[in-house]
Amino acid sequence: MAWQQPMDGSHASGSKVAAADGPGTQRTQYPYVTGTSVIALKYKDGVIMACDTGASYGSTLRYKSVERIKAVGKHSLIGASGEFSDFQEILRYLDELTLSDHMWDDGNSLGPKEVHSYLTRVMYNRRNKFDPLWNSLILGGVKKGPKGEEKYLGMVNMIGTHFEENHIATGFGNHLAIPILRAEWREDMTFEEAVKLVEKCLLVLLYRDRSSINKFQIAKITTEGATIYPPYSLKTNWGFAAFENPSKGAVGSW
Amino acid sequence: MSSIGTGYDLSVTTFSPDGRVFQVEYAGKAIDNSGTVVGIKCKDGIVLGVEKLVTSKMILKGSNRRVHSVHRNSGLAVAGLAADGRQIVARAKSEAANYEKVYGEPMPVKELADRVASYVHLCTLYWWLRPFGCGVILGGYDRDGPQLYMIEPSGLSYKYFGAALGKGRQAAKTEIEKLKLSELTCREGIVEVAKIIYGVHDEAKDKAFELELSWVCDESNRQHEKVPDDLVEQAKAAAQAALEEMDAD
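Top to bottom, those sequences are chains A and B. Quick note on numbering: this note's numbering labels position 42 of the first sequence as 42, and the sequence is numbered without any gaps. Quick note on numbering: this note's numbering labels position 219 of the second sequence as 219, and the sequence is numbered without any gaps.
Careful: at least some of the hints might be erroneous.
Unchecked claim - Here are the computed lysine to any residue pairs in the SDA-like style, where the Cα-Cα straight-line distance is at most 20 Å:
#1 B:Lys61 - A:Asn108
#2 A:Lys215 - A:Pro231
#3 A:Lys74 - B:Ser220
What the hints assert, rightly or not - Some chain A residues well away from chain B (every beta-carbon gap over 12 Å; in silico):
#4 Ile90
#5 Ser100
#6 Val195
To be verified - Simulated restraints on C-beta separations:
#7 A:Asp101 - B:Asn64: 19 to 25 Å
#8 A:Arg121 - B:Asp218: 34 to 40 Å
#9 B:Glu244 - A:Asn108: 36 to 42 Å
#10 A:Glu149 - B:Glu244: 29 to 35 Å
I should point out that these hints are in silico values taken from the structure, not numbers from a laboratory. Ideal placement from N, C-alpha and C gives every residue a C-beta, glycine not left out.
Whenever a hint applies, use it, and build me the whole structure from the sequences.
Right, here's the structure in full:
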């Protein structure tokens, strides 16, 4: 799974992008403040999404209480990794969308499929102008459709690639979490089972992704609406013999 | 108070010798022929009600909305030429959205009323434009609490406790003055507005009408929305009961 999106700021200078367009204008070259992985999966009552609450500034874990999952309208959740300011801009676009939806006041509201489609158009068009919104977005939700309550989970990234799946991850999650999800996801898991599976993935990401922090938020979206739970930490185990006395046997240079 | 301004009423850029702009006054007459629109400021919010006269049996119930949400926290009820009203609503929506985009917070009701009034007034300044043939009652809830404004075709905008436009406005205003608005909650306010509208409706001249009610109050989380159907039904029932009582006297 070769995602062409750079993982975090420090590797991004590999993207050679056409520089100035007209005099004084520039295109997005690389991201500055970035969020790491987001994972999501469908379960019995809807969709569950989780990520950590950190935002890095290059290799520094700069911001530790950042909410990277937000509710969109009545039926969806959006989670983002990548440049945080671009995520904030996307949230503003979505706010305009939901506002005009609200003002119609005709009983209709945008569902997750529609929001995902809209975001795909936005992301793809920006990419075509060589000025991308540097994010990988996960869009999940539940809305009544012709076949009853339909759960939806999709993603779209900075180059406009988009698809739908039962379980999705961004960034490092693609490499570390998806294999676990592919092995252990089942149709119609209960909320507790889903949380356990999500926590398993989050723990692996915490151990192995250097830009993750031990402070997570889980969110769920069901027919009753969106719930974003308060942040909490997972128990980690560092009691391995090799970590006990790390400098023992080390050869110093001075 | 009507007088014909022969010669001085051909253009909106002409004053009469006694200092009136007749075209603007004539615009006001367009509102006087429309269904009654009532707005009241209760202690916890605003209630807007419209007597939507149904001109044909073929019209679908709920179409031709007269009360529009202009932003999350404010709504506009239109009296007069509906098409002109649509234009004012569109402008108000655009102003409110733009304000929030620039300043990051919902537009204060006072500011919105000012902008709408300026826009309406604009069309009374040039001979190639005609004044809007509609009046608007704007109700919203912001940091300074619930507020009610009425904007007339002249561009006049005042803040009110209670306002009425349209056919039955005189009778409606009398009824509103009887209410103790500072003690009414919006729940009670809905019933009062329904009673007023049913009361001023002229059964002889206009047969059918639909009652459109909207509110923005603490109960609706300070969002402007249509009053929930069950409450509307309750209000209608109470209004009809009150009417029968009056008739029985």
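*Please name the hints from earlier in the document that this structure breaks, with their numbers sorted from lowest to highest.*
Violated hints (numbers, rising): 5 and 10; every other hint is consistent with the structure.
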